[in-house]
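Chemist: Below, each chain spelled out in residue letters.
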Amino acid sequence: MARVFNWQLGREMSYWYPEARPQRQFAAVFDTNKCIACQTCTLACKTTWTSGKGQEYMLWNNVETKPYGSYPLAYDLKLLEMLNGQQWNGDKYEGQTIFESAPAGERVLGWRPEQQDYAYPNVGEDDCANQVDAGAFLSIPHMNWFFYLARICNHCTYPACLSSCPRGSIYKRQEDGIVLVDQGRCRGYQECVRACPYKKVFYNPMTGTSEKCIACFPKIEQGIQPQCFVNCIGKIRLAGFLSKPEQARADNPMDYLVHIKKVALPLFPQFGLEPNVYYIPPIHAPVSFNRQLFGPGAAAAMKTYRNAMNDADLAGLLCLFGSTEAVVTRFRRQGDLVAGSDDKGAEVIRVPLHEPVYQRPAVDAKNQLVRINCP
Amino acid sequence: MKNGMERRDFLGMIGAAGFGGLVASTREAWGLGAVTNPLGAYPDRGWERVYRDLWKYDSTYTFTCAPNDTHNCILNAYVRNGVVVRIGPSMKYGEATDLLGNKVTHRWDPRVCQKGLALTRRFYGDRRVMGCMIRKGFKEWHDAGFPREGNGLPPRKYYNRGRDEWLRITHDEGAKIAAAVLKNIAETYSGAEGKRRLTEQHYDPVTIDATEGAGVRTMKFRGGMPLLGITRVFGMYRLANSMALLDAKVRGVGPDQALGAKGFDNYSWHTDLPPGHPMVSGQQTVEFDLHAVEHCQTLIVWGMNWITTKMPDAHWLTEARIKGTKVVVIACEYSATASKGDDVIVVRPGTTPALALGMCNVILREKLYDAAYVNQWTDLPVLVRMDTLKYLRAKDVFGGEVAQLRNTTVLAKDAKEPPPIQHTRSFVSEAMRMEWGDFVWWDRTANAPKPLTRDMVGKNSNVQNPLLDDAVEVTLADGKKVRCRPAFDLVSEYAAHFDPKTTEEITWAPAAAMEDLARHIAKQPGKTLIALGMGPNQFFNSDNKDRDTMLLAALTGNVGKIAGNIGSYAGNYRVALFNGAPQWINENPFDIEADAGKSARPRQYWKPESAHYYNHEDHPLRVGNKLLTGKTHIPAPTKSMWFANANSILGNVKWHFNTVVNVLPRIEMVAVNEWWWSASCEWADIVFGVDAWFELKHPDMTASVTNPFLVTFPRTPMKRVFNTIGDIEVQALVSAKLAELTGDLRFNDYWKFVREGRTDVHLQRILDHSTNTKGYRFLDLEAKAKQGIPALMNSRTSPKCVGYDQVTDSIPWYTKSGRLEFYREEDEFIAAGENLPVHREPVDSTFYEPNVIVSPKHEALRPDGPEKYGVRRDDLSCETRCGRNVALTWAETKQTKHPLMKDGFKFIFHTPKYRHGSHTTPIDTDMIAVLFGPFGDLYRHDKRSPFVTEGYVDINPTDAQEIGVDDGDYVWIDPDPEDRPFRGWQKDKRNMEFARLLCRARYYPGTPRGVTRMWFNMYSATPGSVEGQRARADGLARNPRTGYQAMFRSGSHQSATRGWLKPTWMTDSLVHKAMFGQGLRKGFEPDIHCPTGAPREAFVKISKAEPGGIGARGLWRPAAMGIRPKYESEAMKRYLGGGFIKQKGEA
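Heads up: the sequence lines are chains A and B, in that order. Counting in the numbering used here, the first sequence runs from 1 upward without gaps. Counting in the numbering used here, the second sequence runs from 1 upward without gaps.
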């Protein structure tokens, strides 16, 4: 075991390999407040990557309804139960990570789902906490609540899958931090399936290998966002590259949302993987639940988001989400316009905070007609 | 595990060796290159090309996906080796422009959804209709030369629909047979012999008269939502129009006497039309493009599950909210959209009229209304006579003639209305103008009556300081004195019954929440958008709902403004966006224009009809001695049905099982154009396999009522995968066969451009004659669409905002008074007790006496009671109930009970639409289905499951416990036994086997007690699916002969409702705008004033059928695991409370 620094925990922790951060780290922000659980992301992924034999049950990308939804069944609940002493002191995690609480002789505290755990992938869809009674009136925070959690591989800084692989067949790409299972070398021992707390590695019984989300690296290599981002009609997602906290730049959308505004938070940071998909927590759900999932910054993030109406930079960036296929690495706002540019500094997108209203002349002299909204 | 090594051996080995040891052992054991730290470096990454190869494609092209969801997405198809391997958004919507160069932004991108992406598996799917299919018995009937019984009916032996064998024939043979059948039906049911036969078949005499002696009038054609394919789908009506040629041949009449076939309605058939909108505004529907929400201060989402049914436009809602728009959700559950609301009010289903009245009452009582708007735009100041209950007419008070109108052209008796594109203002016939007269308001300043004309709206209104809240005695020109009250006063008195406490009791909405919301929207007049959905529209009181919610909107100045408007969202419909469509559908078949550069000369021979009568056992509504269907609405008997692009008219029809068991046997031909074997195909006689969207060879066009785009279906380069032809080619082909049969070559000429591959000629004619598209060249639009770019409709505004023209330019609405009318003076409304915008209890989905008018005694409410129609007051049978006008106060109503409650019925059963299907597209695609609901399982561990998912009912967990049902159990759902699932079920075991609803139950904490829900979108059981489930080893509910895949073991969501007809939907007197253009009409018009049905009306009994565990043993697994509502393990309880995390220093 090595000692590595995990900024999400505010401390060093144990990990199987020494710290070796990539040149840059693929990262993403998902705004749960915009997610509509349409599953377009799921289908974009599935029709692109996992429509083969042996992959039927696999959802590299899935969307589950919290709190009653989980895919595979109870994946998070089971691990939360197994992991003791999940305590924060301010922003510092004082409990144990899944690496630190690994049983003797194992590298990671984990469990392996049974085949039946992958059944009912949309269990809990739209099921709310607490029973609704006749005459309910809800205002924020909602007494009855659920929210949608879209999940892909977190391309963690400290992947549990990678650390658990006995063959060293899982690696992190230096150029973008994307974590891959080498399909040539994997022999299907499923240690990674067991180790990943998010259960985002899947065993393929036809190929005898384990597979996972590849962050659509063939697209990322071309400067284009992954399938589940481009197809996201809730426009909840933005892909980019995240700096280390001390190197954060205000014009980098990822840095701005994660490090500067701290409005986007990791999923289950207490597990210790330093996951790189960041979630804007749902503003209508209870803080206690959000904190359990997204860590101690949940309350502040919810407040920041609710104040976006007074924060044009934040509102502007959130309106930029999903408007371009390109990976936007820089953004700026001027007045009602927000623009994004790519790695080379070329502007790839410019949109207004408010979609324009057009009032056309009632009489169209050229075509000799009178325009009307109900013709 | 592979390689003979057990996990524990392996762990033991690496545990002993430690980190360094692992690297060494890896090298030793498997002979691989060392990987010292895969976080930092990895030796051989050449394998990554596997995924790069998977991503590669040879080419892309675009096609348009347009199920009836209003979105119309131009999608990119990615092609490899000639096969579409995946689909994605075009990302080019942000480049759309209009004729003036106005441009939208890329915030419109992406436009796509999961259903569109899944089409790859559907276009190549095993249920594609791969050619032309004909039912064996039907072919035998044709081959035998159409034998008939004495009464004209074909012998039953030929009609084993749903169970028969199918034969594959060519489209050419199919068209030939279909043409021959049409001709035979026309011959059989024309003239005196036809009348005799129909009489002996026991059709209602008024429906026989409605054939006008022409057999072609018994043929019903339908292009399902024609806006979705303005030539290929709407072409079914062109086909109907051409039946005039057949009639001319059969009856030997000339072009002046010939009649066309009948065409079924669409928007109203789908229960999408808000029937009360035309009752208030005189036109189809008030609504706004959804991105208008960017500009409002408050958004009320009311009975609309916006984020599941308007998915690509959901971001406008969530983004508006980010920028400060307050979102209020009113729903009968904690819906998906509720989770995006700032405030949520959970109400009792079917009580929207009462809730709106409750809010109006607050506003009226506290005088918070927008007085200027009320005075300028509503009939509320208009006086109503208490002797006749009619509006007081200016002529009766002041004498003289009707006023000359500036804003309305009065057409002399024989004058013809010009085509829509030339309309600059309203047209009205002289007769209607004389009938309307002018109106009167009472000027308090002058203390005298004042005349009011249609012109006096908006800035031209002279109404100032009107008498609103008191009665007045008016002296008529003849000296007679008559007591009058302003509509405002009548409405206020009625609304006063809906005080906050009463409203809370009726609707369940907390009084304080309702009052706060009313005050909130009144405080910022013109700044609230109110989006109503399909939910409230699918109840019997739908028109009450519209009139009451529009009253609320009008009182707060929220009709016709970009940031303040009301909308009803269900379906896509405004074919008037292409008001030049008559160029195509109504081209005169006796006078065909063969020059591509010239315009057609339309003449409409076909006649529209509401499909709701077919859905109502093929007859109008009679209650006691009273015919309650207006004469302009009367349907003809149905002898053939031909539809395209639609599963709703048969496979998913309301009261489906009654339709297939009791109605279909009298229909002699059911022909379907389809590319996917739907439930409708299961019940058809002939199915023409047609091209799917991704292989269209004829271009087409569509538009939307929720976004500003004019979207082209470009011709595609994709080769046809199966033996299909275009929809429009089917129509041309059957016409060619009719030409052969009749010798009339005009049948051929009518489709000349289609046969020549020049459908664009017709599309260009439509563009040239449509108000908001003239100036576009179709080929330019198509070229843009091939790049993924739509065009913008050149509407008056973008976002489109119905009412903007009226409010901005002070032009009249399409009503008699030119104002939004909340009082309805017509006889039918007075008889129904609905001259005021009242609240009726739902007709079935209520715990109380159904269909009661909730009202205390009111001077202006004088409904015709049951006795007047010769029925007993206590007769609550389903049919009688529809025309039952009984008023009770709320105090009285709440003492009553639904008549079935004594028999253990206690659940409202409603059937909304959901995110996983656009209607029934494409819910039976495996990848979509498995995510549809909680019971998806691709490996079908439980072989009882009909498919990889299955239909289920959502039930309140406490209710479920009370009836002994566990989460995940199978349950029986039984509706009113009087006539559902089908009339006569008690003695018909054979049909009951597939008709009785059997489904899973899900504990759903989001619904209040007594309210159950089943999604509308799933495929029903058929005789074949039940047979398949029994016969197949894997238990799939799949028809062995057709491959049809059901998602129920038996029954469907349509097992519990019926065809409901409401008298106020069927008047001969309601004035409204015509479908196309600015002309005014009255009485029936399809998709504007006609029945809409009430498919969310059902009151059911639920009982346990089988345990939910695999193989009917024990609990359904998630419940057993303790992760389901009411079954939570201790850990799950802790999880729900966020209890796994501690923050130091906090308790």
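Hint data in this document are derived by calculation from the structure and do not stem from the laboratory. Hints may contain errors.
Claimed, not checked - Taking beta-carbon pairs under 10 Å as the criterion, some of the chain B residues facing chain A (in silico): (1) K340; (2) S770; (3) Q787; (4) T808; (5) A1112; (6) W1116.
Claimed, not checked - Straight-line distance between alpha carbons at most 27 Å, and here's what the computed DSS-like set of lysine-lysine pairs gives: (7) B/K786 to B/K774; (8) A/K262 to B/K136; (9) A/K366 to B/K857; (10) B/K598 to A/K53; (11) B/K323 to B/K395; (12) B/K527 to A/K303; (13) A/K344 to B/K136; (14) A/K366 to B/K103; (15) B/K1104 to B/K1142; (16) B/K774 to B/K136; (17) B/K906 to A/K366; (18) B/K989 to A/K303; (19) A/K92 to B/K459; (20) A/K366 to B/K598; (21) B/K323 to A/K303; (22) B/K459 to A/K262; (23) B/K56 to A/K53; (24) B/K416 to A/K262; (25) B/K326 to A/K303; (26) A/K262 to B/K786; (27) B/K607 to A/K303; (28) A/K92 to B/K719; (29) B/K774 to B/K367.
Beta carbons are placed, not taken as given, at the ideal position from N, Cα and C, and that holds for glycine.
Chemist: For the pair supplied as a hint, B/K527 and A/K303, confirm whether the alpha-carbon distance does not exceed 27 Å.
Modeler: holds (26 Å)
Chemist: Hey, A/K262 versus B/K786, does the alpha-carbon distance stay inside 27 Å?
Modeler: violated (43 Å)
Chemist: Just to be careful, I want the Cα atoms of A/K262 and B/K136 compared with a cutoff of 27 Å; is the pair within it?
Modeler: Distance of about 68 Å is beyond 27 Å: violated.
Chemist: For B/K774 and B/K367, compute the direct alpha-carbon distance and say whether it is at most 27 Å.
Modeler: violated (46 Å)
Chemist: Decide if the proposed pair is consistent with the structure: B/K598 and A/K53, CA atoms, cutoff 27 Å inclusive.
Modeler: violated (56 Å)
Chemist: Tell me if the interface restraint on B/Q787 is satisfied: Cβ within less than 10 Å of some Cβ in chain A.
Modeler: violated (15 Å)
Chemist: If you draw a straight line from the CA of B/K906 to the CA of A/K366, is it 27 Å or shorter?
Modeler: violated (63 Å)
Chemist: Holds or violated: B/K326 with A/K303, Cα cutoff 27 Å?
Modeler: Status holds; Cα separation ~16 Å.
Chemist: Quick one, are B/K774 and B/K136 close enough, alpha carbons at most 27 Å?
Modeler: Given pair B/K774, B/K136 is violated - Cα atoms ~48 Å apart, limit 27 Å.
Chemist: Next pair to validate is B/K323 with B/K395; report whether the Cα-Cα distance is within 27 Å.
Modeler: violated (53 Å)
Chemist: Holds or violated: are the alpha carbons of A/K366 and B/K857 at most 27 Å from each other?
Modeler: violated (58 Å)
Chemist: For the pair supplied as a hint, B/K1104 and B/K1142, confirm whether the alpha-carbon distance does not exceed 27 Å.
Modeler: Roughly 43 Å separates the two Cα atoms, so the pair is violated.
Of the numbered hints listed earlier, those contradicted by the structure are 3, 5, 8, 9, 10, 11, 13, 15, 16, 17, 18, 19, 22, 24, 26, 27, 28 and 29.
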